[in-house]
Amino acid sequence: MPIILITGGARSGKSTRAEQRALSFPGKPVYIATAEALDEEMRARIARHRARRGNDWIEREVPIELAAALDESDGAGARLVDCLTLWLSNLMHAQRDWRIEGDKLSAALSRQRSPVVLVTNEVGLGIVPDNALAREFRDAAGLLNQVIARVADEVEFVVAGLPIRVK
Amino acid sequence: MPIILITGGARSGKSTRAEQRALSFPGKPVYIATAEALDEEMRARIARHRARRGNDWIEREVPIELAAALDESDGAGARLVDCLTLWLSNLMHAQRDWRIEGDKLSAALSRQRSPVVLVTNEVGLGIVPDNALAREFRDAAGLLNQVIARVADEVEFVVAGLPIRVK
Amino acid sequence: MPIILITGGARSGKSTRAEQRALSFPGKPVYIATAEALDEEMRARIARHRARRGNDWIEREVPIELAAALDESDGAGARLVDCLTLWLSNLMHAQRDWRIEGDKLSAALSRQRSPVVLVTNEVGLGIVPDNALAREFRDAAGLLNQVIARVADEVEFVVAGLPIRVK
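Residue numbers (the working numbering), protein chains in the order written: chain A, 1 to 167; chain B, 168 to 334; chain C, 335 to 501.
What the hints contain is simulated information worked out from the structure, not anything from laboratory work.
Any given hint could turn out to be false.
Said to hold, decoys possible - Within a straight-line C-alpha distance of at most 27 Å, the following computed DSS-like cross-link-like pairs (lysine-lysine) qualify: (1) B:K334 to A:K167; (2) C:K362 to C:K438; (3) C:K501 to B:K334; (4) A:K167 to C:K501.
All chains should be built: construct the whole structure from the sequences, respecting the hints.
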């Protein structure tokens with residue numbers, strides 16, 4: 001079953017597109033949120049996304065252990081992971097090695113039987129950040145996207161709500 | 168008659184592309200600038216754009232009331248709106264609700280009889296800004312692009328002067 | 335022989351893609367690095383790129399005089415220029431006029447007999463930088479990309495390691 005990676009900028013319509021793709025598969029879809037409701041801005045964003053999705057989803061919060069969550073939920077409906085960029089940020093805060101975790105995720109994706117749709121962000125098309133940590137993060141985000149795109153069956157780049165098929 | 172949205176990064180050749188599209192329609196085109204010449208950098212940019220376009224255009228400065236300007240100028244040549252991102256910024260400075268104004272623009276576009284080409288910017292593909300206002304602006308810019316892309320007949324994403332057809 | 339421009343964000347896989355393209359042509363390829371190993375971060379990045387490429391390349395460091403380097407190395411294998419954005423930065427630091435140098439590069443590309451693959455960056459799809467120098471740089475980078483794209487036979491925009499053909 002397909003692995004689908006949906007990438008794009010902030011508010012490009014990635015999540016909506018990913019939800020459409022996930023809902024196109026049979027079975028009740030599983031929404032795997034990597035976001036944790038740690039501050040007001042994030043709580044508001046999570047609430048907005050949830051209101052849009054409605055109640056047709058099984059919901060899980062998985063800030064770190066994505067590979068395990070995919071294995072556990074495999075075999076029924078599609079899984080939507082939203083999003084890898086936040087997951088990367090969670091890994092870094094938890095002092096986990098994102099290269100190792102990225103490879104573990106990649107291996108887990110390769111063994112899934114039911115579909116997975118993953119949302120990620122493009123963060124490397126602006127001016128080079130002054131801040132060394134921000135540079136490190138955008139480098140890691142770009143490399144992680146490449147790692148996951150490699151095992152994906154389809155990759156879409158979303159602009160103004162519209163998908164450009166990349167793979 | 169078509170509604171055409173041209174998006175892309177800074178200095179990607181969006182405006183030149185939009186001018187070509189507008190000039191391809193019969194009738195004298197109308198250039199609707201959302202920019203106001205408030206500082207030296209902006210005055211220089213406006214002068215450069217004007218020098219490139221030459222005198223084949225009817226020119227209007229419309230910082231806020233885009234829907235009305237489209238209705239008033241409808242029925243003859245194409246209208247080129249350059250650009251939506253600056254319009255959004257003008258709306259925010261004027262304490263106008265950009266969601267309501269975006270819907271009004273969307274409705275106005277749906278009733279135009281002569282063509283409209285709109286230029287906008289992608290501002291959400293860099294690292295998340297530290298500044299909360301900048302985050303809010305880029306979110307609004309992304310959402311506005313989606314709203315206008317929805318009513319557009321064609322959407323192009325311009326990279327290095329070259330259009331990628333998205334819709 | 336073709337002039338190929340490869341553009342994209344940070345860590346999008348541009349360099350790897352450009353290497354594949356350069357290696358697809360007969361003859362020993364020439365790697366023309368515009369980077370100078372001025373600090374630790376840059377030295378590490380250069381070393382990583384070199385380790386990936388292996389020893390199948392003739393290597394040259396050309397921070398400024400790209401047109402001359404292309405003319406001198408013409409007639410055998412493909413040349414890979416990595417990258418134009420750093421070259422632009424070098425030009426600015428050396429107080430050279432990047433518009434004149436861009437035109438010289440464009441003219442040099444037009445007279446090459448063996449292939450040239452050039453890597454560049456998209457830096458204009460984030461929020462407008464506060465810093466006036468950063469704004470100037472991203473404007474120049476966007477315009478330079480347009481100038482080189484105009485003489486290129488092929489242009490690719492790389493996302494998550496995957497090329498989108500633009501020209």
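Checked hints:
For a cut-off of 27 Å, the pair hint linking K334 (chain B) to K167 (chain A) stands: about 18 Å separates their Cα positions. Between K362 (chain C) and K438 (chain C) the CA atoms are separated by roughly 25 Å; this keeps the pair inside 27 Å, and the hint holds. Annotation: proposed proximity of K501 (chain C) to K334 (chain B) holds, straight-line Cα distance about 18 Å (limit 27 Å). A distance of roughly 18 Å separates the Cα atoms of K167 (chain A) and K501 (chain C); the hinted pair therefore holds under the 27 Å criterion.
In summary, this structure violates none of the numbered hints.
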